[in-house]
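A.B. asks: Chain by chain, the residues:
Number of protein chains: 2
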Amino acid sequence: MKKNIIVGQSGGPTAVINGSLYGVVSEGLKQTGVCRIYGMINGIEGFLHDHYMDIGALDSTNELELVRTTPGAYLGSCRYKLPENLNDPVYSQLFEKFDEKDIGYFFYIGGNDSMDTVSKLSRYAAKTGSDIRFIGVPKTIDNDLVETDHTPGYGSAAKYVATVVREIATDATVYDNKQSVTIVEVMGRHAGWLTAASMLARKFEGDNPVLIYLPEVAFDQDAFIEKVKECLKTTPNLVVCISEGINDGRGTFICEYASDVGIDNFGHKMLTGSGKYLENLVKEKIGVKVRSIELNVCQRCSCAHLARVDLDEAVNAGIYAVHAALEGATGKMITFVRNKSVPYELSYGTADVNIICNKEKPVPAEWIINEGSDISDAFIDYARPLTQGYVELPTKNGIPLFAYRR
Amino acid sequence: MKKNIIVGQSGGPTAVINGSLYGVVSEGLKQTGVCRIYGMINGIEGFLHDHYMDIGALDSTNELELVRTTPGAYLGSCRYKLPENLNDPVYSQLFEKFDEKDIGYFFYIGGNDSMDTVSKLSRYAAKTGSDIRFIGVPKTIDNDLVETDHTPGYGSAAKYVATVVREIATDATVYDNKQSVTIVEVMGRHAGWLTAASMLARKFEGDNPVLIYLPEVAFDQDAFIEKVKECLKTTPNLVVCISEGINDGRGTFICEYASDVGIDNFGHKMLTGSGKYLENLVKEKIGVKVRSIELNVCQRCSCAHLARVDLDEAVNAGIYAVHAALEGATGKMITFVRNKSVPYELSYGTADVNIICNKEKPVPAEWIINEGSDISDAFIDYARPLTQGYVELPTKNGIPLFAYRR
Chain A
302 MKKNIIVGQS GGPTAVINGS LYGVVSEGLK QTGVCRIYGM INGIEGFLHD HYMDIGALDS
362 TNELELVRTT PGAYLGSCRY KLPENLNDPV YSQLFEKFDE KDIGYFFYIG GNDSMDTVSK
422 LSRYAAKTGS DIRFIGVPKT IDNDLVETDH TPGYGSAAKY VATVVREIAT DATVYDNKQS
482 VTIVEVMGRH AGWLTAASML ARKFEGDNPV LIYLPEVAFD QDAFIEKVKE CLKTTPNLVV
542 CISEGINDGR GTFICEYASD VGIDNFGHKM LTGSGKYLEN LVKEKIGVKV RSIELNVCQR
602 CSCAHLARVD LDEAVNAGIY AVHAALEGAT GKMITFVRNK SVPYELSYGT ADVNIICNKE
662 KPVPAEWIIN EGSDISDAFI DYARPLTQGY VELPTKNGIP LFAYRR
Chain B
302 MKKNIIVGQS GGPTAVINGS LYGVVSEGLK QTGVCRIYGM INGIEGFLHD HYMDIGALDS
362 TNELELVRTT PGAYLGSCRY KLPENLNDPV YSQLFEKFDE KDIGYFFYIG GNDSMDTVSK
422 LSRYAAKTGS DIRFIGVPKT IDNDLVETDH TPGYGSAAKY VATVVREIAT DATVYDNKQS
482 VTIVEVMGRH AGWLTAASML ARKFEGDNPV LIYLPEVAFD QDAFIEKVKE CLKTTPNLVV
542 CISEGINDGR GTFICEYASD VGIDNFGHKM LTGSGKYLEN LVKEKIGVKV RSIELNVCQR
602 CSCAHLARVD LDEAVNAGIY AVHAALEGAT GKMITFVRNK SVPYELSYGT ADVNIICNKE
662 KPVPAEWIIN EGSDISDAFI DYARPLTQGY VELPTKNGIP LFAYRR
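Sequence lines, in order, name chains A and B.
Counting from 1, position 89 in the first sequence corresponds to residue 390 in my numbering; the numbering is continuous, with no gaps.
Counting from 1, position 1 in the second sequence corresponds to residue 302 in my numbering; the numbering is continuous, with no gaps.
You may find that some hints are simply not true.
[To be verified] Here's a subset of chain A near chain B, in silico, CB distances under 8 angstroms, partners left out:
id, residue
1, P372
2, G373
3, A374
4, C379
Everything labelled a hint here was simulated from the structure, so no lab data went into it.
These figures come from a predicted structure and were not determined experimentally.
No residue lacks a Cβ here, since even glycine has one placed at the ideal position from N, Cα and C.
With these hints in hand, go ahead and build the complete structure from the sequences.
C.D. replies: Have a look at this one:
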């Protein structure tokens with residue numbers, strides 16, 4: 302008997318999350334056991350309010366192909382946590398809606414919070430004897446999911462950070478007759494994978510960014526100032542990359558050291574990032590020209606530096622998810638297993654979603670060197686293959702063309 | 302008798318300022334009347350301290366070709382204003398250095414401050430009977446030079462802004478079940494050309510960015526809040542683009558309304574951008590989710606969205622400068638004359654540098670519509686041709702390869 306598929310996206314967007322959506326939809330349409338493919342609008346939260354679309358119908362247009370290379374989340378996203386208590390009425394409501402639409406396969410593309418949703422729905426299904434299969438498709442620029450070598454979205458974000466930091470370093474050195482410090486703040490609250498990718502920006506040994514700080518290691522402000530002074534002797538235009546989540550190792554983010562200071566015109570606390578805080582610290586303690594740059598949301602939504610490897614893997618994760626579900630898997634997340642780095646070789650697998658959700662994978666301690674101010678070359682072997690390859694984007698009037706819901 | 306060329310770069314970098322450098326050097330090397338080509342390191346300021354290189358020698362390597370597509374300023378830049386008084390000894394020092402190096406032709410790639418340098422040096426030459434020819438090659442992402450249709454660097458920066466604003470708008474709408482305002486602050490202190498380019502991000506009529514504010518029109522905070530409220534009714538995830546230099550029309554920048562408020566840990570005033578100020582204003586007056594994004598230095602130094610038209614024109618400006626100087630011109634800047642927009646057709650000319658320096662060209666008043674909150678379609682005809690075409694960049698390990706001085 303034919304069943305329908307439903308697919309949703311959840312959490313922050315990435316450059317390739319729509320690649321996985323494309324994978325699920327295009328592969329789902331090929332299956333003889335599948336009839337229609339629904340997309341939840343704004344994830345499980347939107348679906349609860351009956352917001353969904355017939356995304357399989359896009360296949361008859363060029364739109365589905367355009368979805369593949371569009372950043373953001375085509376279906377819209379949500380940050381909605383299902384109740385811990387499986388007896389909560391929201392579950393029976395959801396499963397009634399699934400049954401009404403004759404859903405046989407549920408795919409959720411997201412990070413560890415989204416895997417929590419897959420975990421709860423699959424456990425509720427097991428409890429109630431529902432045969433709907435629930436599969437998670439990983440996605441996060443943070444690269445912090447356990448049980449997988451890496452996550453779709455990371456490779457393109459890493460390439461974005463490496464390229465942009467190289468550009469910023471080029472800009473920062475045009476007045477190289479004057480000393481200066483440029484602090485670049487990269488996304489990553491708890492895991493430093495994306496900030497570590499800034500080391501790929503170096504054109505030669507000792508090139509900028511000379512200093513790199515991750516949240517995995519306690520940040521010592523005095524030691525930082527000493528390092529900066531030391532490095533300025535050989536690199537007059539110093540670029541430092543930091544994770545937004547650098548912290549003192551005792552539970553306080555570095556940005557929090559500043560947050561109780563500024564009050565805006567309206568009496569609100571002015572939130573300062575860690576980069577801004579360190580900018581002021583360098584100005585005060587060293588007195589050289591200093592600026593901080595917070596890389597903006599383009600880290601997660603730019604298509605400028607799409608890595609072909611990353612996009613292909615994101616699509617394949619969606620394809621593999623369809624196969625896994627049709628073969629009977631449920632309560633699983635698709636995982637990446639690296640066979641080797643040189644030449645790079647990957648296989649796909651699955652892991653129990655219950656041991657993935659709500660966990661975070663840090664950058665290995667042994668890759669963080671020089672008193673927490675640099676990253677070892679082992680990271681290059683890990684990350685570089687993920688950033689490879691160019692994706693030609695469809696354009697119109699010179700600007701990349703994006704799919705969007707009408 | 303053969304003479305030498307000297308070339309320098311000055312002011313802020315652009316994505317194609319090295320394209321003009323490439324044009325001067327590659328064309329200079331072809332001239333029978335030219336012997337060597339020197340590059341000033343860090344502009345006229347560096348040259349005063351005898352910092353220069355034999356940039357013509359790069360021709361025997363691949364490096365010169367790499368310079369063409371490298372953003373930033375390969376020779377390094379400066380912000381140095383020559384004295385108003387032509388009797389200042391710095392002039393005789395400079396001309397002695399020129400004569401020592403047998404300089405016949407001086408090229409300076411920069412914006413209106415740099416044209417001031419060309420003006421003064423050419424006037425000193427006229428006064429003292431020197432036959433060195435001084436030519437300015439325009440460069441600025443601000444597009445604010447008079448006497449030229451546009452400036453090299455603007456097209457790529459405009460394409461960058463349009464693309465990134467489209468990406469940001471895509472990111473901003475993933476939670477489209479909630480109202481939100483995203484304020485994007487674009488470079489441009491006095492002229493709004495670059496901010497206006499954000500209108501090219503629209504995918505359809507009425508698309509984001511729905512509101513665009515330039516420094517050319519007085520900014521009324523109350524009217525702004527009313528516009529935002531009105532627009533949120535039809536566009537729940539609203540994107541607003543503003544120039545950093547928006548002002549109240551009475552000489553005060555909007556960002557200055559906030560700047561006397563926050564004091565950091567060290568007692569310094571915390572400088573807030575106009576975007577951050579408006580973020581707080583929207584939070585206070587409307588209460589919806591709001592964030593501001595300051596587009597960083599990549600606006601001027603990213604090679605991600607190089608426009609082929611812009612790069613080609615930058616190279617041609619350098620080539621044309623060499624021809625103009627050899628034909629006897631001095632005290633001139635290379636200008637762009639648009640023959641028509643559809644199909645786009647450009648010719649090159651020269652204009653008296655004295656009527657260019659220290660002047661700024663605003664966006665025409667008739668192109669700024671809807672009480673200063675939008676840009677007319679006439680701008681599209683003007684700007685779109687300049688953003689066209691793709692440039693394939695040399696890469697290594699997946700990251701764009703840049704030239705740099707050893």
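A.B. asks: Now tell me, hint by hint, if it's right for this structure.
C.D. replies: Here's how the hints hold up against the structure:
| no. | hint | result |
| --- | --- | --- |
| 1 | P372 | 6 angstroms, holds |
| 2 | G373 | 4 angstroms, holds |
| 3 | A374 | 4 angstroms, holds |
| 4 | C379 | 7 angstroms, holds |
In summary, this structure violates none of the numbered hints.
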